[in-house]
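Chemist: Sequence:
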Amino acid sequence: MEKSIDRDAKPFGTATAKDMELDDVNTTHIAPKFQGTEEDKVHMKTLGRQQETQRVFTFVTMLGMCLGAGNALIMAETFAIITNGGTAGLFWGFLIVFGGFLFVYASIAELSSMAATASGQYHWVSEHAPPWAQRYLSYITGWLCIAGWQGGVTGIGMLVATIIQGLIILNNPNYVPQGWHGTLLTIGIVLFCVLFNTYGARRLPLVEGSLAVLHFGGMFVILVILWTLAPRNNAHDAFLQINNGGGWPSDGLSLLVGLYPLTVSLNGFDSQVHMSEETKDATRAMPRSIMWAAYINGFLGFLMAITMMFTLGDLDEILLTPTGYPFIQVFFNVTNSNVGTTLMTVIMILPLVGSVIACVATASRQVWSFARDEGVPFSASVAHVSPRWSIPINAILISLVICVLLALINIGSAVALNAVLALGTGSILASYLICISAIALKRITGPPLPPRQWSLGKWGLPINLVAICWLVPIFVLIQIPGVTPTTAATMNFSSLLIGSVVVFATLYWFVKGRRVYVSPKERLHRELESM
1 MEKSIDRDAK PFGTATAKDM ELDDVNTTHI APKFQGTEED KVHMKTLGRQ QETQRVFTFV
61 TMLGMCLGAG NALIMAETFA IITNGGTAGL FWGFLIVFGG FLFVYASIAE LSSMAATASG
121 QYHWVSEHAP PWAQRYLSYI TGWLCIAGWQ GGVTGIGMLV ATIIQGLIIL NNPNYVPQGW
181 HGTLLTIGIV LFCVLFNTYG ARRLPLVEGS LAVLHFGGMF VILVILWTLA PRNNAHDAFL
241 QINNGGGWPS DGLSLLVGLY PLTVSLNGFD SQVHMSEETK DATRAMPRSI MWAAYINGFL
301 GFLMAITMMF TLGDLDEILL TPTGYPFIQV FFNVTNSNVG TTLMTVIMIL PLVGSVIACV
361 ATASRQVWSF ARDEGVPFSA SVAHVSPRWS IPINAILISL VICVLLALIN IGSAVALNAV
421 LALGTGSILA SYLICISAIA LKRITGPPLP PRQWSLGKWG LPINLVAICW LVPIFVLIQI
481 PGVTPTTAAT MNFSSLLIGS VVVFATLYWF VKGRRVYVSP KERLHRELES M
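Letter 489 of the sequence shown, counting from 1, is numbered 489 in the working numbering, and no numbers are missing.
I should point out that these hints are in silico values taken from the structure, not numbers from a laboratory. Just so it is clear, the structure is predicted and the values come from calculations on it, not from any experiment. By construction, the Cβ of each residue, glycine as well, lies at the ideal position given by its N, Cα and C atoms. Treat the hints loosely; a few may be bogus.
Said to hold, decoys possible - Computed beta-carbon distance windows for the label pairs:
#1 Y295 x S455: 13 to 21 Å
#2 L397 x W459: 40 to 48 Å
#3 V346 x L95: 46 to 54 Å
#4 N234 x V176: 33 to 41 Å
#5 V472 x A31: 29 to 37 Å
Unchecked claim - Under the rule of at most 20 Å between Cα atoms (straight-line distance), these lysine to any residue pairs were calculated in the SDA-like manner:
#6 K442 x P130
#7 K442 x Q134
#8 K33 x D281
#9 K512 x V382
#10 K33 x S386
#11 K280 x A440
#12 K458 x G446
#13 K512 x S495
#14 K458 x A440
#15 K280 x K442
#16 K442 x L456
Please work from the sequences and hints to get the whole structure.
Modeler: Take a look at the structure:
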């Protein structure tokens, strides 16, 4: 191979086993059975990466990691959905959000087949963005992904904590929830998930799959109970009743604002991508698992939405529930039993805990992958992979520290949960928008795309453009507060938090990042030039 490399001549994924010997792939300490397929080895070499983690996931176990939490999040976000949109907003809004996300995830799936790497979005931006902007855009995208997934860990952890507080109120009406109670519960939940991601890392595929199966069975029981015992809403009201509890000038605007909680429930299926270096036959498994996760979660979410539309009962009553969660009140109205309500709620909590476990794994891999490209402070320490466990333990512990810091907000702010969820959702959507825009622009102006196992073919550009046209308004809508007029207690801090991430990343870029950050595209060229 020539020593002088044209930096724009050869995109990722074009090398084959014939181009480079497999013996040159440095798999360090990883046992052969955990190195993946021969194609995995070649693919890692074409990406300029070493195999530092064990490939323990398959298509099925990776799919199980992302199943189940969507419908639980819909139920958990019932208050926000019903406040802005009502049952009509729940149904029509779900179709809008699910339909838009299909185009987004189809685009992400194709990108993952081109480059199945834990770096995910910032890697794709590095490869496909215009040369003059690729380093900075890749760098900003990396920080957005870190913020998004760290926000996801804390946000869903807080959600579980406040649901537990709701159950305590149900069983002990004299209990007065305090912010620090929720903070301690959140830290405890995330600490459990962190311990599981370290000591139980090798069992992660099995446990995530088991939780998904358990949740499916539990969800079936809940659906049967609700359809059998709950009072029925009539079809006209279920499909057409719009509730404008946010005080917006029009019902249409209220319905649009109500898309935010539905977006939360279907966001984040790129989590699988960040585990791709731990997945066998990744270039095939990743796109398939992303799309199947979208289809299955969409179907389950649709079933839950239809069920809730017809079985919620009196909206005013459930919105005023002392538990803080309308779905808990619905369960109690149906069963008239604290024990029955508690058991049904625990069934909804389990997939959320599984989601926190998955988020910790994803967030840590995102931090680790960015650190190995010198994207964060103290990169050498953060990027360390334990030879004993073959996992990035330091990055996992960083996720715990960030969670503790974010959870402290809950002590002094009643809107901490919404703020952290907004940070997670908005940052991930922004990363989608940047990487899909980059591939769309390259399709229009650039050289041919790399070969991939999963291709959108001639529909690639239209699908990318629809995804962009959907992401832009959704990203704007999630910045809007849930009610008007807005006060400090009801403010949506999404734009402030995301803006702060971008400002911090940009300042660090000029102070140090631009001198030390090695984008994935640059890293590959250095690897090739050293051969």
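Chemist: None of the hints should be skipped; say for each whether it holds.
Modeler: Hint check results:
no.	hint	in the structure
1	Y295 x S455: 13 to 21 Å	18 Å, holds
2	L397 x W459: 40 to 48 Å	43 Å, holds
3	V346 x L95: 46 to 54 Å	30 Å, violated
4	N234 x V176: 33 to 41 Å	38 Å, holds
5	V472 x A31: 29 to 37 Å	46 Å, violated
6	K442 x P130	8 Å, holds
7	K442 x Q134	12 Å, holds
8	K33 x D281	13 Å, holds
9	K512 x V382	17 Å, holds
10	K33 x S386	18 Å, holds
11	K280 x A440	28 Å, violated
12	K458 x G446	15 Å, holds
13	K512 x S495	25 Å, violated
14	K458 x A440	12 Å, holds
15	K280 x K442	29 Å, violated
16	K442 x L456	15 Å, holds
Checked against the numbered hints given earlier, the structure breaks hints 3, 5, 11, 13, 15 and satisfies all the rest.
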